[in-house]
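Protein sequence lines correspond, in order, to chains A and B.
Take the first sequence: its letter number 27 is residue 27 in the working numbering, and every next letter is one higher.
Take the second sequence: its letter number 238 is residue 458 in the working numbering, and every next letter is one higher.
Worth flagging that the hints you see were computed from the coordinates, not collected in a lab.
Just so you know, these numbers come straight off a predicted model, no measurement behind them.
One thing to keep in mind: the hints can contain errors.
What the hints assert, rightly or not - Not close to chain B: a few residues of chain A, all C-beta gaps over 10 Å, as computed:
| # | residue |
| --- | --- |
| 1 | N116 |
| 2 | L117 |
| 3 | T123 |
| 4 | L124 |
| 5 | N139 |
| 6 | Y159 |
| 7 | I186 |
| 8 | V208 |
Claimed, not checked - Pair ranges (Cβ atoms, derived):
| # | chain 1 | residue 1 | chain 2 | residue 2 | range |
| --- | --- | --- | --- | --- | --- |
| 9 | B | K512 | A | N214 | 22 to 28 Å |
| 10 | A | E111 | B | K287 | 48 to 54 Å |
| 11 | B | P291 | A | L10 | 43 to 49 Å |
| 12 | B | L230 | A | S30 | 22 to 28 Å |
Backbone N, C-alpha and C fix where the C-beta goes; we use that ideal spot for every residue, glycine too.
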Amino acid sequence: MDLFPLFNSLRITAIAVSFAFVLGIFAAYSVLRLPRLIKGICDTLFTIPLVLPPTVVGYFILVWLSPTGVAGSKIFEWFSVTITMRWYAAAVAVAIIAFPFIYRTARGAFENFDQNLLDAGRTLGLSEKYIFFRILLPNCKHGIIAGTVIAFARGLGEYGATSMVAGYISGKTATVSTSVAYFWQINREDMAFYWVMINLAVSVVFMVVINVLNKPKVRS
Amino acid sequence: MLLCNISKHLDGFSLNVDIAAKLGVTALMGASGSGKSMTLRCIAGISKPSSGRIELGGTVLFDSEKKINLPPQKRNIGFLFQDYALFPNMTVRQNIMTGAKNKVATIAEELAVKFHITQHLHKYPAELSGGEKQRCALARIFAGSPDMLMLDEPFAALDSHLRFELEMELSELIKRFNKPVLYVSHNRSEVYRLCDNIVIMDGGKNEPLGDKQTVFKKPATVQAARLTGCKNIVPAIIAGTRVSVPDWGIEFKSCEVLNDIHYVGIRANNIIQKSIAKTSDIAADFEFEIVKEIEDTFTSILMVRKRGTNLCAIRWEMPKKDRAALLHSKDLAFLHEHILLLK
Numbered sequence: 001m002d003l004f005p006l007f008n009s010l011r012i013t014a015i016a017v018s019f020a021f022v023l024g025i026f027a028a029y030s031v032l033r034l035p036r037l038i039k040g041i042c043d044t045l046f047t048i049p050l051v052l053p054p055t056v057v058g059y060f061i062l063v064w065l066s067p068t069g070v071a072g073s074k075i076f077e078w079f080s081v082t083i084t085m086r087w088y089a090a091a092v093a094v095a096i097i098a099f100p101f102i103y104r105t106a107r108g109a110f111e112n113f114d115q116n117l118l119d120a121g122r123t124l125g126l127s128e129k130y131i132f133f134r135i136l137l138p139n140c141k142h143g144i145i146a147g148t149v150i151a152f153a154r155g156l157g158e159y160g161a162t163s164m165v166a167g168y169i170s171g172k173t174a175t176v177s178t179s180v181a182y183f184w185q186i187n188r189e190d191m192a193f194y195w196v197m198i199n200l201a202v203s204v205v206f207m208v209v210i211n212v213l214n215k216p217k218v219r220s
Numbered sequence: 221m222l223l224c225n226i227s228k229h230l231d232g233f234s235l236n237v238d239i240a241a242k243l244g245v246t247a248l249m250g251a252s253g254s255g256k257s258m259t260l261r262c263i264a265g266i267s268k269p270s271s272g273r274i275e276l277g278g279t280v281l282f283d284s285e286k287k288i289n290l291p292p293q294k295r296n297i298g299f300l301f302q303d304y305a306l307f308p309n310m311t312v313r314q315n316i317m318t319g320a321k322n323k324v325a326t327i328a329e330e331l332a333v334k335f336h337i338t339q340h341l342h343k344y345p346a347e348l349s350g351g352e353k354q355r356c357a358l359a360r361i362f363a364g365s366p367d368m369l370m371l372d373e374p375f376a377a378l379d380s381h382l383r384f385e386l387e388m389e390l391s392e393l394i395k396r397f398n399k400p401v402l403y404v405s406h407n408r409s410e411v412y413r414l415c416d417n418i419v420i421m422d423g424g425k426n427e428p429l430g431d432k433q434t435v436f437k438k439p440a441t442v443q444a445a446r447l448t449g450c451k452n453i454v455p456a457i458i459a460g461t462r463v464s465v466p467d468w469g470i471e472f473k474s475c476e477v478l479n480d481i482h483y484v485g486i487r488a489n490n491i492i493q494k495s496i497a498k499t500s501d502i503a504a505d506f507e508f509e510i511v512k513e514i515e516d517t518f519t520s521i522l523m524v525r526k527r528g529t530n531l532c533a534i535r536w537e538m539p540k541k542d543r544a545a546l547l548h549s550k551d552l553a554f555l556h557e558h559i560l561l562l563k
């Protein structure tokens, strides 16, 4: 049995969530200190992939990155590389879809964090970098990790945007969720069922991880 | 020496303070919302004043005209937060080390001995009692040898039985500190025991600094009288040297200058029976009736007013044993020295 779609999904999601993780935390931290109006605008912009249908996200990616797209045509011209219909196009899609999950949980954790601790760090002479990495992040890690796990689960199951920007190319862009749809369409119900079971198994693992992470903390 | 002359405008609140704190402990006293904590935050550099100037020991920390605004990291001011603000992800030792400017490992041990927390060095803040947290926070502050200390209601988060012991420790510590200390509190006894000078704050403004004896004995304003524990404050009408107090139904001649005086006050425990007072000391006296009586832990509280009137009740507190003697007394007296003339 060819397990490429599972490997491909894990590869796409791992890369996409890594980007979303760094960018989401950075965005959440930056938004905190913005004036109210700009904060509202940024917040909307950063959260919108969460509420948009994934196909709309896929549409925008195609408009930008397809060989005839705004950025895609330039990339093709300079590097002779097409991005769409490749596995890494799916990574771009998943990164955008996963971003709001990390951004929102990180922002929530930062907002609920006791600002006095940050101020105390400043009066003690600690640098902003130290305060961010050694005080803010470690104390917000539970929320951020939970958000990341959800982002990862959401990314693994991503279908709409992925199928638009990467399609289904067996052994190249196939993922666990596009495999289910593909095999169903070509009347291979046994294969569709097989991939459904893999999806279920992966989801169960994630639920267990989320529940373990949400257990009440021993240390407050 | 700290010079702080700043204003800060927020939604619906404006802060205008002008404080010159010398060596020793200066208390900032005021009701909640009077701007005490905001003042500390501005001095520490974690809030930015709209305008003004802050200077500590000759170094300019903030000057809106010269566009100087040192970050809190460069101000070297020890700030003890109300809830101590220990970093929950670090042990006591790590917390102390964050404060140390030169990271000599032994400094944590030395400070732990000084603050009696040696056996807690490996613990996390959540495992400490309130008192231990405070000691840890102080050790962390002292690790950086600050040029000034600011304490924001240091005992507010503690159980009352812990307070006194810690207060004695803190008192020793700040007496030997030999640099300016700003102490925010609204607990008048604490302030009296720990501080040398008092700045009264009200509605974002401050009154001039006064030494504690003066502020407690002769508060100048209604706010100062109230914060130092005066329970009876009513409006007064001044005509030349005559002071009349319609709410109490009395009138007396004052030998003090009565500029700007609009209120009088008397402390609940300064009212005495007329029979034990020297006539020449009495400002006013009258026959009283008891409106209400409340028994407190160690004192009796009587709400009294002039007999046969419907005037404002005056709070009169006395030790319980004196309450029994009062049965034979019908008149009370206010002495000149006890009447507070207030702006």
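A quick look at each hint next to the structure:
{"no.": "1", "hint": "N116", "in the structure": "violated (5 Å)"}
{"no.": "2", "hint": "L117", "in the structure": "violated (5 Å)"}
{"no.": "3", "hint": "T123", "in the structure": "violated (4 Å)"}
{"no.": "4", "hint": "L124", "in the structure": "violated (5 Å)"}
{"no.": "5", "hint": "N139", "in the structure": "violated (5 Å)"}
{"no.": "6", "hint": "Y159", "in the structure": "holds (39 Å)"}
{"no.": "7", "hint": "I186", "in the structure": "holds (53 Å)"}
{"no.": "8", "hint": "V208", "in the structure": "holds (25 Å)"}
{"no.": "9", "hint": "K512(B) with N214(A): 22 to 28 Å", "in the structure": "violated (55 Å)"}
{"no.": "10", "hint": "E111(A) with K287(B): 48 to 54 Å", "in the structure": "violated (31 Å)"}
{"no.": "11", "hint": "P291(B) with L10(A): 43 to 49 Å", "in the structure": "holds (44 Å)"}
{"no.": "12", "hint": "L230(B) with S30(A): 22 to 28 Å", "in the structure": "holds (24 Å)"}
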